[in-house]
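Could you slot chain B onto chain A? The hints should help.
2 protein chains.
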Amino acid sequence: MGKKAVCLISGGMDSAVASAIAKKEGYEIHALTFNYGQRNRKEIESAKKIAEWLGGKHKIIDVNLRQIGGSALTDEIEVPEEAHGIPLTYVPARNTIFLSFALAYAEVIDADSIFIGVNSVDYSGYPDCRPEYIEAFQKMANLALKRSVEGRPIKIKTPLLYFSKAEIVKKGYEMHVPFEKTWSCYRERERACGKCPSCKLRIEAFKEAGVRDPIEYE
Amino acid sequence: MGKKAVCLISGGMDSAVASAIAKKEGYEIHALTFNYGQRNRKEIESAKKIAEWLGGKHKIIDVNLRQIGGSALTDEIEVPEEAHGIPLTYVPARNTIFLSFALAYAEVIDADSIFIGVNSVDYSGYPDCRPEYIEAFQKMANLALKRSVEGRPIKIKTPLLYFSKAEIVKKGYEMHVPFEKTWSCYRERERACGKCPSCKLRIEAFKEAGVRDPIEYE
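Chains A and B, in that order, give the protein sequences. According to our numbering, the first sequence holds residues 1 to 218 in order. According to our numbering, the second sequence holds residues 1001 to 1218 in order.
For reference, chain A alone in the conformation it holds in the complex:
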């Protein structure tokens, strides 16, 4: 039996590319997506399409973070076009919550790795995308689980941690990642707005990578 990886799939580009890397490395893919009460439902539809492309299993977990609140992504707060410092789209402890569930799931299905598409270069100011955060999460995970106590820790893999957004696009392009199935826009519309901080980052990345972005913008 092949080695298994839990791949966190958000519906965006980064997690699609990170998971494609896991697949290329020979892992049996167990995609995990969170239905966390995000206002943007397109993300989940995109996640399904990407998981299907990856092959393997896909689990969608309901974890309603609206019960907690505190973010423009879950609450009725308008997503601003300009971001300064830590943006309003920050969701308190989101990666910590998602990675915790991924740890539990990995332990249950006996996977030895978790792939997450965080990147710290062109990151949006989220504290839980930084290398020092991932390193600290790994150390905590090494003490948290039955598996770890038994000497079989679960590795948090972040292949895109030091990639620029343009490098992520190039890497995905090489691996034929279906970027047309990904969704980056913070807004939920027929087509991406092209104006929110997430669209801007994406457009800039494709431009710099010299790759055509297959999605349409308003």
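Please note that the accuracy of each hint is not assured.
What the hints assert, rightly or not - Calculated lysine-lysine pairs in the DSS-like style (CA-CA distance at most 27 Å, straight line):
#1 Lys1146/B <-> Lys155/A
#2 Lys1003/B <-> Lys1057/B
#3 Lys139/A <-> Lys1146/B
As the list claims (entries may be wrong) - With the Cβ distance kept under 8 Å, some of the chain B side facing chain A (calculated, not the full set):
#4 Pro1092
#5 Phe1101
#6 Leu1143
Hint data in this document are derived by calculation from the structure and do not stem from the laboratory. Glycine included, every Cβ here is placed at the ideal spot set by N, Cα and C.
Structure of chain B alone, referenced to chain A:
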């Protein structure tokens, strides 16, 4: 305005005593209970009664860990009477998931502490009750949040970490913790079974503390 604490309340003795300590230290109590798909519904009823006794707010968060599985507490696995090593009642990454939600909630309500009733002396073999785990979680938390980046980390407080079960009983007794409202039994019955590992620990603790256990056993 007083300082706020998020107190994780399970319905058991330890979290009741830990929260009573938070109250005694002058915190405004924001109790947090997880409806995680535990087969034992009595725990949540007990948690409500304890939160009411504490005063302050009580939030019950739905986080269905049955979606993940892997434990006798959520799945249809019989809870064994004898426990060796890490027991079947171990829930993968449970404290990590609960503490992650507590972090998010603390950040949203602007609480500077989280109280959790873990203890490592008479603990049941759960890896996520050990001091080294809590220490690692704290370090991770210090990097995960907007608050931490802003220099206002959230402190994970574990006042019972080095208490024996008997000392927990004594401490609770001194503070008039209503032990009759707590529920420790792994089974869901009218009265506690008195035979499961959790009942055994409790009975032993009251005996050693020289305090009468106000609940009835079968």
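Do the hints match the structure? See the list:
Pair hint Lys1146/B plus Lys155/A holds up; C-alpha atoms about 25 Å apart against a cutoff of 27 Å. For the suggested pair Lys1003/B and Lys1057/B, the alpha carbons sit about 14 Å apart, so the restraint of at most 27 Å is met. Taking the CA atoms of Lys139/A and Lys1146/B, the gap is near 20 Å; set against the 27 Å cutoff, the hint holds. A distance limit of 8 Å between C-beta atoms decides the matter here; for Pro1092/B the minimum to chain A is near 4 Å, and the interface restraint holds.
The beta carbon of Phe1101/B is positioned within 8 Å of a beta carbon in chain A (closest approach about 6 Å), and the interface hint is therefore held. At its closest, the beta carbon of Leu1143/B sits 4 Å from a beta carbon of chain A; the interface hint therefore holds under the 8 Å criterion.
The structure shown violates none of the earlier numbered hints.
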